[in-house]
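There are 2 protein chains.
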Amino acid sequence: MPKVGMEPVRRKALVDAAMRVIGDHGSLTVTMSEIAKEAGVSPALAHHYFGSKEQLLIETVRVHLQRLRDSVVTALRAAKTPREKLSAVIRVSFQADQFAPETIAAWLAFYAEAQRSEETRRFLVIYARRLHSNLVANLKALCPAGDAARIAEGAAAMIDGLYIRQSLRSAPISTEASIALTEDYLTTHLNALEG
Amino acid sequence: MPKVGMEPVRRKALVDAAMRVIGDHGSLTVTMSEIAKEAGVSPALAHHYFGSKEQLLIETVRVHLQRLRDSVVTALRAAKTPREKLSAVIRVSFQADQFAPETIAAWLAFYAEAQRSEETRRFLVIYARRLHSNLVANLKALCPAGDAARIAEGAAAMIDGLYIRQSLRSAPISTEASIALTEDYLTTHLNALEG
DNA sequence: TTTTATTGATTGATCAGTCAATCAAAAATA
DNA sequence: TATTTTTGATTGACTGATCAATCAATAAAA
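Protein chains in written order, with UniProt numbering: chain A, 1 to 195; chain B, 1 to 195.
Hints were generated in silico from the structure; no laboratory data involved. Please note: incorrect hints may appear among the correct ones.
Each computed DSBU-like pair below joins lysine-lysine, with the alpha-carbon atoms no more than 35 Å apart [said to hold, decoys possible]:
# : chain 1 : residue 1 : chain 2 : residue 2
1 : A       : LYS80     : A       : LYS53
2 : B       : LYS37     : B       : LYS80
3 : A       : LYS37     : B       : LYS53
4 : A       : LYS53     : B       : LYS37
5 : A       : LYS53     : B       : LYS53
6 : B       : LYS53     : B       : LYS37
7 : B       : LYS12     : B       : LYS37
These stretches of chain B come out as covered by chain A in the derived footprint (C-beta under 8 Å, 3 or more residues) [as the list claims (entries may be wrong)]:
#  : stretch
8  : 100 to 109
9  : 112 to 122
10 : 144 to 154
11 : 183 to 190
Even glycine gets a Cβ: it sits at the ideal position worked out from N, Cα and C.
Turn these sequences into a full structure, and let the hints steer you where they fit.
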């Protein structure tokens, strides 16, 4: 069984397993045993590769956000105009895998963790800044800078708010409705400035 | 020392202590010992009155939401017109004690907990419904029912989103700015319907 | 005396983290 | 090629710490 070069394979498997277990569990209070079992290895191996539970969880957040970032970059490249780029950012935020209940539960758990783990907080701040600056950059092409900043704040808050409300799973809002609400926010506020 | 009639006193002290400890800690992974110490009693007494840690935490959420509800009711009574009532709901959401970092941290922890505790989830769903219906009821006086529902969704999402973004404490938004953003959302969307 | 308040001490369970031992592939050597 | 050595992968068993929960004992009020 033991083959050389397993490290990257195991690391990925453990990070993916952590994500699933956290999503299912809806919290970061998961055990190394659960994660290791889900990944099909022993708890000792998880410690061997990550040193500590905290490091594994931090790596999990990092990978998660990296993937989201990649999606955004791809979507932005495909869009032409600033208005299309704004729509692309919104669409990616609510795309199926991001908006799945387990993913939302995991996000929420990470936000809670950020209250205690400085490193987790740093990652989430980077995400928040990136979302904000993607919005501002493209809004600036459509309205004055001051308005762009304000509208971006509102749009970012709305996106995050739709997520957190989704986590309660009462009166769940569909992907399309969430996108429509955010688009409507942008359109209405941009129109209000012109009119 | 032992006087009769301590039960309500101790219960309140423990619930308040739990809130503070959760807020400081930024998570529900707090120990009964910490809470009891903060309340100035032994851990055993906390168990005596609440039976279990989970029950104490659930009671803490319940009391917290009850207080928020009372603030809203008071504010609504003081407001006259539907538009004023809408502003009142927004104002209360961002009032000083609600928007304090520890309070926000505690809220976030409760949302995360709701993924696992059905009872916690129920309380938060009730809060979400109440916010939504307060908004819809007053919006209906100002626009068609369909639009009222949609605008209420957006406003509620924005309020919750401003909270969660605040929890990261990067580029913190002031109470006034948060109120202004939400008010602006309402005003702009109501105007758009009339124009 | 009975009831209520209160705690120190203890228990049992859970978990993160460690460690020594095993196994097989790869590399080195004969 | 055959044999030995080294190295990476892997785990079972163990340890120490933490914590929720229990309980018997105490003390004061009723």
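Results of checking the hints against the structure:
no., hint, in the structure
1, A:LYS80 / A:LYS53, "43 Å, violated"
2, B:LYS37 / B:LYS80, "45 Å, violated"
3, A:LYS37 / B:LYS53, "28 Å, holds"
4, A:LYS53 / B:LYS37, "28 Å, holds"
5, A:LYS53 / B:LYS53, "25 Å, holds"
6, B:LYS53 / B:LYS37, "14 Å, holds"
7, B:LYS12 / B:LYS37, "14 Å, holds"
8, 100 to 109, "holds (count 3)"
9, 112 to 122, "holds (count 6)"
10, 144 to 154, "holds (count 3)"
11, 183 to 190, "holds (count 4)"
When held up to the earlier numbered hints, the structure conflicts with 1 and 2 and fits the remainder.
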